[in-house]
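As they're listed, the protein sequences go chains W and C. Using the numbering used here, the first residue of the first sequence is number 1, and each one after it goes up by one. Using the numbering used here, the first residue of the second sequence is number 1, and each one after it goes up by one.
None of these hints come from the bench; they were simulated from the model. These figures come from a predicted structure and were not determined experimentally. No residue lacks a Cβ here, since even glycine has one placed at the ideal position from N, Cα and C. Among the hints, a few may not be true.
Claimed, not checked - Non-contacting residues of chain W with respect to chain C, defined by C-beta distances greater than 10 Å in every case (computed):
no. : residue
1   : N90
2   : D134
3   : D153
4   : D187
5   : P195
6   : L272
7   : I288
8   : L348
9   : R393
10  : D410
11  : D482
12  : G503
13  : A678
14  : P735
What the hints assert, rightly or not - Output of the computed footprint for chain C on chain W, the stretches with three or more beta carbons under 8 Å from beta carbons of chain C:
no. : region
15  : 669 to 677
16  : 682 to 691
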Amino acid sequence: MYRRIIRRDIARNKLITLTMTLFVAAAALLVALAALLIVHLSGSIDTLMTQARTPHMTQMHAGDLDAARLAAFAEQSEHVEQYQAVEFVNIDGARIRIGEQTLAGSVQDNGFVKQNESFDYLLDLDGQVIQPRDGEVYIPIGYWRDGTAKLGDTVTVEDKTFTVSGFLRDSQMNSPLASSKRLLVSDQAFAELRPLGSIEYLIEFRLRDLSTLTAFQTEYTDAGLEANGPALTYPLFRMLNAISDGMMIGVLLLVSLLVVVIALLCIRFTLLAKLEDDYREIGAMKAIGMRLADIKRLYLAKYAAIAAAGSVLGFAAACALRGALLDNIRLYMGESGNDALALAIGALGALLVLLAILGYVSGVLRHIRRIPAAEALRYGVSQSDKVGARRLRLSRNRLLPVNLFLGVQDVLSRKRLYATMLTVLILASFIMIVPHNLHHTISQRSFSGYMGIGAYDLRLDLQQSPDIAERATAIADKMAADPDISRYTVLMTKSFQVRTAEGTTQTMRIELGDQDAFPVQYSKGGSPQTADKIALSALQAEELKVTVGDPLVLASDSGDVRLEVSGIYSDITHGGKTAKASFADDSGDIVWAVVYAELTASSDAAAKAAAYSDSFPYAKVSDIEAFIDQTFGSTIRAVGQASQGAIAVALLIALLVTLLFIKLLLAKDRYAIAVMQAFGFTNRDIKLQYITRSLFVLLLGLSVGTLLANTLGERLAGAVIASFGASSFEFAIDPLSAYVIYPVLMGCAVGLATLIGTSGSGNIILSEHIKE
Amino acid sequence: MNKIIVGDQIVKRYGIGSEARQVLDRVSVEIGQGEFVAVMGPSGSGKSTLMFCLSGMDAIDEGVVLYNGKPLSQMGEVELADLRRRRMGFVFQQPTLLRNLNVLDNILLPSLRDNRKRVAELTDKARSLMKRVGIAGLESREITQVSGGQLQRVGICRALMGDPDIIFGDEPTGALNSASAQEMMELFTAIHTEGTAIMLVTHDAQVAARAERVLFMRDGAIASELLLARYRQEEAAARVSRITDRMTSLGV
């Protein structure tokens, strides 16, 4: 019997059933996918860390190392199973050339290592310990992923040349968030590279029992051993390995939560409308003695069918889609080895959605208990429905046409009913506006000032070479004589040792020259106008724990130089950690040099860039648009794509939910519609009333959504931007698209859905409903 | 007497195919200007359906319905809606009022559809109608705050707002106690006296006795017709007994 009831009900409400099944399927898909990915990610990390024999604790250390004392400590400690001090030759990225480009722009500290003997292995893509031959280099997999290196590329450091023979998985430093990257060479090559860079140590331990990690860390600290760098632990490596994909899974879970909420809201509304529809029948069933559980089962059966179909569909889609999302995990960490478990957990996720829906439906069906049989039989509608404030009076309305008035008045007097639609439209507006505003903000030319890029037209980059200063001078001379160039400046970047708050030193690159010629935006303080001042990027200042007015000491062969921090600026270039100063310095090598120029108004930047490129083939010449495109163009494009995707999703959600809502509302309001039609209201009048209701709710939704987007959304986006190194962030809003085009688009989606939804309003048989 | 409504050979079916059920079987009926016609018959005889077909609320399957000589089938949805709003009034067994609107707004609703600018004038008219039917002072009440009898009077006020040619009543006293029903019929009689045609569907011989002509329906057809002339209070009992006699003879 249930099957017949379900089939008939579905046949009568195809659109509503389809929409709800789609929402359930989307919810099940996202939950199952997130569950699948969690199992795979966790399995892959375990496999990687087991195969690589990841250290349980790694103490980073720069400076001298007393190997004998460390070995003695490890020998005596009851916790230590294995110990090693690994050398890492840190070489400035500008000096490492892979193929045609250097790693100067790399965010990472890049260095060379040799393969370890007993643990902390660097693995190939089959999970095997790599043993490179002389002349071979293995590159971190991330550099293959981002296109920095490919198999067979030549890697040069000074006069040493290597061939990229493969890519490696590094269980400690795989993550883009780990600040160092290890390039693996043979023992012989390592010995040759050793004098070319600064040596840093990774003092690594494997413990007998991981649970004694905290006790061991205390023991290590108490022993006063080498520790002028951070100490990293096994759980932290796990987290670092998990975080990138984990964030994706987190986003998936968040979105799935949103979709589950939307699905439940839709189900609640549909079900309540259905119960209202069947009010008299429910009364009759109660009157003839049917048990509450039997009546509930009639309704539950249909939703169980929808939820089951949606969950199965969603799970099947998750299985089909998981390959694409697993690619990254597989590449960085290898196979998880627990496919079956992952599938089972994914299925469990979909099952959870199913159970959540059934539980929720069962809860909503408790309304049946409260339906009085006599009242239901007699009136056919609930007599106790609360109707909201009716302060708006038709007789006092002088402003709105009657249909518009009725639409607005209905929304205001049945607020609880429209809350579902309003909530969904607020969410949809938020989803639409925040990524769009973020994209617009970072696309602005003025935004580059916040990102460490001055307002120049042309830049010439000179990479490290023995005669870099002469080359820069040659360019400057040509520019001085060029009538198309209104002004220019030369900035040289050199490496300095800076003293940290902990008393250690670390390398910092400082750009020297006239910092006011093409200034960046300072979020605090200003530019370093005198020789005793220095400006730091936000990330650099954070790392050194200094702010404006604080002293900063540079260590040099001729003694310490004391500077004062004059300002802090946002920077996304060179990994976000940069500094600017104007003092003169004759010592040390120039790491790179940049010449900035401003063109006269009539000049064509691209043509000028081409001309300078011809004249100075050793310089990388780019106009500002090209430079911005190369540095964070991919970010802008990714955000742009995400924004377009978000707009499409938001419009689709708005369309589907409005359609569902209007269909249900129409079913609920059949009587009122019949009354109005009987007394001479046309189909057009009715449609106009419903469009007014939809657009009025949309207007509220857009207003609240925009408000939320510009407050909460701006803070969320600011947090994302801060991760690139920008310290101050405000949305640059394009009023035309944010306040006109997209709201109008959403209005069109909602209006269209309302029109489709109300297309059947003329088919109401008046006599049937009036006779009720 | 000019005919406002002429129905000729009306056939109305509900359902389709083998499940189709014929509710009106070649019914022909005429209602003259200012005439008061009652339609009687057992449940399921087709009397309400006849009213819905004559007022254009339901489309007919065969035959023709003319309003002032123009076939309803030639009118579009908008023209039919305009006709119902401007030239007809309706009173049903249940009050058929909108729960979102208060008493006054319910009365004003159809007439304001065309005349938003005249809201003050129409409000005055609504108030005077309310006074006339004995519900003055209830303007601001919600429709859940007034009695069934009062709600029916609200319905009458709404029906009269457009000065209709004809008022259709479908069991307007069916849900009322006898005192309220009596008062309601006094109102209908008064409205008729002022020249408005009335077509009333009813089970009640007392109600039908107010009409000038009574049609008796059985199995979707008009089985008989009784002419009573204009209502006079002193003839009430005799009229009722003529109606019941006819019903008995027809077996309805």
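Evaluated hints:
1. N90: 75 Å, holds
2. D134: At roughly 87 Å from the nearest Cβ of chain C, W:D134 sits farther out than 10 Å, so the non-interface label holds.
3. D153: With a cut-off of 10 Å, W:D153 remains clear of chain C, as the shortest Cβ separation is near 73 Å.
4. D187: Given that every Cβ of chain C is farther than 10 Å from that of W:D187, nearest at about 85 Å, it holds.
5. P195: W:P195 is indeed farther than 10 Å from all Cβ atoms of chain C, at 87 Å.
6. L272: 17 Å, holds
7. I288: 22 Å, holds
8. L348: 46 Å, holds
9. R393: 6 Å, violated
10. D410: 6 Å, violated
11. D482: Non-interface label on W:D482 holds, nearest chain C Cβ at 72 Å vs cutoff 10 Å.
12. G503: 76 Å, holds
13. A678: 6 Å, violated
14. P735: At about 34 Å from chain C, W:P735 clears the 10 Å cut-off, so the statement holds.
15. 669 to 677: holds (count 4)
16. 682 to 691: holds (count 4)
Hints 9, 10 and 13 from the earlier list are contradicted by this structure; the remaining hints agree with it.
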